[in-house]
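K.L.:
What follows is each chain in one-letter form.
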Amino acid sequence: MKRVYVNEEWCLGCHLCEYNCAFANSGARDMVTALKGKPILPRIRVEGEGDVTYAVSCRHCRDPICIRGCISGALHKEGGTVCIDREKCVGCLTCVLLCPYGAVLPGPDGAAMKCELCLKNACGEPACAAGCPNRAIVYEEREEETV
Amino acid sequence: MKRYVIVGGGIAGVSCVEGIRSRDPEGEITLVAAEETSNYGRPLISYYLEGKTDLRRMSWRGEDFYEKNRVTALHAAAAEKLDPAAGELTLSTGARLPYDALCVCTGSHPFSPRFEGLETVEKRFFFTTMADALALEQTVTKESRVLVVGAGFIGLKCAEGLRDRAGSVTVCDLAEHAMSANLDPDCAPILERHLVKSGLRLLLGNTVTRFEGQKAHMQSGETLEFDVLVIAIGVRPETGLFAAAGGDVGRGIRVNEKQETSLPKIWAAGDCTESMDVSAGEPGVLAVLPNAALQGFCAGANMAGGAEVFDKGIKMNSIGFFGLHIMSAGSYTEPIYTEVAEDGCKKLFAKDGVLTGFILIGDVARAGIYTSLIRERTPLESVDLEALKKAPSLLPLGRAYRAEKLGGAV
Chain A
0 MKRVYVNEEW CLGCHLCEYN CAFANSGARD MVTALKGKPI LPRIRVEGEG DVTYAVSCRH
60 CRDPICIRGC ISGALHKEGG TVCIDREKCV GCLTCVLLCP YGAVLPGPDG AAMKCELCLK
120 NACGEPACAA GCPNRAIVYE EREEETV
Chain B
0 MKRYVIVGGG IAGVSCVEGI RSRDPEGEIT LVAAEETSNY GRPLISYYLE GKTDLRRMSW
60 RGEDFYEKNR VTALHAAAAE KLDPAAGELT LSTGARLPYD ALCVCTGSHP FSPRFEGLET
120 VEKRFFFTTM ADALALEQTV TKESRVLVVG AGFIGLKCAE GLRDRAGSVT VCDLAEHAMS
180 ANLDPDCAPI LERHLVKSGL RLLLGNTVTR FEGQKAHMQS GETLEFDVLV IAIGVRPETG
240 LFAAAGGDVG RGIRVNEKQE TSLPKIWAAG DCTESMDVSA GEPGVLAVLP NAALQGFCAG
300 ANMAGGAEVF DKGIKMNSIG FFGLHIMSAG SYTEPIYTEV AEDGCKKLFA KDGVLTGFIL
360 IGDVARAGIY TSLIRERTPL ESVDLEALKK APSLLPLGRA YRAEKLGGAV
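The listed protein sequences correspond, in order, to chains A and B. Residue numbers are given in numbering that gives the first Met the number 0: position 7 of the first sequence equals residue 6, and the series is strictly consecutive. Residue numbers are given in numbering that gives the first Met the number 0: position 345 of the second sequence equals residue 344, and the series is strictly consecutive.
Everything labelled a hint here was simulated from the structure, so no lab data went into it. Heads up, some of the hints might be wrong.
Said to hold, decoys possible - Chain A residues, not near chain B, derived (Cβ > 12 Å throughout):
#, residue
1, A33
2, K37
3, I70
4, G90
5, C94
6, A102
7, C122
8, G123
9, A129
Unchecked claim - Here are the computed lysine to aspartate or glutamate pairs in the EDC-like style, where the Cα-Cα straight-line distance is at most 20 Å:
#, chain 1, residue 1, chain 2, residue 2
10, B, K404, A, D84
11, B, K388, B, D185
12, B, K404, A, E8
13, A, K76, B, D63
14, B, K404, A, E48
15, A, K119, A, E17
16, A, K76, B, E62
17, B, K388, A, E46
18, B, K257, A, E115
19, A, K1, B, D183
20, B, K67, A, E139
21, B, K314, B, D183
22, B, K311, A, D62
23, A, K76, B, E66
24, B, K404, A, E86
25, B, K1, B, E25
26, B, K404, A, E139
27, A, K119, A, D108
28, B, K388, A, E48
29, B, K51, A, D84
30, B, K389, A, E48
31, B, K404, A, E46
32, B, K311, B, D276
33, B, K389, A, E46
34, B, K51, A, E17
35, B, K404, A, E7
36, B, K404, A, D62
37, B, K389, B, E338
38, B, K51, A, D108
39, B, K404, A, E142
40, B, K51, B, D131
We treat Cβ as the ideally placed atom computed from N, Cα and C, and that holds for glycine.
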């Protein structure tokens, strides 16, 4: 399946992916309405320091431990994409305890939030990759699936 | 066609179905559930009382799960006798279920020491099943004075769930600190202060010596009056069925990393089992939902001819009380990092060059990076430990690790 991949050596640390992600998931029509004066809550985060920066978002693991361990059954797969039913989520954050990449985040309303590859918002494909100026984030088929 | 029998409809049992179906779409699966409801996340019962979920949303894998997976699910059914020689399970109704592979997922049962006069308490409950939650919902009113005996996570989650439904909620525990099995004396006071601020009454280092109707005579000499009693002292693996069949039982049903038991064609998974705790280097009862799910899937896949292993088991818990998040994992060996503030803390433990455990209260972001280091037994000499102590991130794990995980399918 197509996934979001990170080319660390090309990341400028510009954080544009975070803004594009927060905007794409805001439901708002323009970026100013979505983000100006509001907390930015992206599901992708740029981390690192100095020369080394890179973005981290859900890896959409083949056998995601977050789904196995989710106490409410809110986390589930749709196709290969790990999605969260935020109505079902009770905010226990077991997913945060389990994700080896730190890619599931506590959301503003208590429920967890995570990257769903923009398949559920108006963007339709990952806004982080689409807007990355340096192809440090790409959305592509990279490996033959074994499962 | 292979005949599978699963005893138990909790998370291990449901995950066992998923494991079987991952390899065998054809076999006949019969699931025997003791409760009237199955396929629900047991820890959700306190969220139900709190009004944060409802019966429909509590269905763990969806209400059509059994139908979609072609499972014959028998509810409110009691497994009475397991005959490994004949390969047959007998139910209390007399019905016999022959099997080619069986998985014991019987979970645990609440445990209560013998309190003098307990039988004189009219309204008394445990808090481990949906039925318990529904009964409490019916019983507790705005006037009820609730007494919870046990300040572990079951008792405290129950207290949280009842706070807004009851007149008052008091929690007592013989231990000096709340959640004494998960927190240490440095961290527990942070939780205790928060619970009291949130409206609970806590009586620690103090428990009931004798009940007399609606009175609890406490060790301190105090007499507490209450209307509703919840006993939440602990749970024990439910091993009776398996032990009676001659199976090997320690503190729980003994299983290997394939979830095989000592009996042929019988696997076991979840809270009823005892398995290797990689952070402690010895077997333990790792009774938390994620482990039940992982073990159940592993058992199911292997019952259908697979070669799965569950070999990274540790105790791990994420829990919140009135908005304060607490995470704990692994074994508390030698502290390598301690940070304790008024409203949060962080403690990391290591031994023999690997991270073995942590306690986090308050800031729990990205704790899974620590959990993963414990489960994978990652040598600490291969990471930038000083940076990791300060904050969990992928930076201290090195470029090669990131290239593999962020640049490839995992």
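K.L.:
What hint numbers does the structure not satisfy?
P.N.:
Hints 3, 4, 5, 6, 10, 18, 19, 20, 24, 34 not satisfied by this model.
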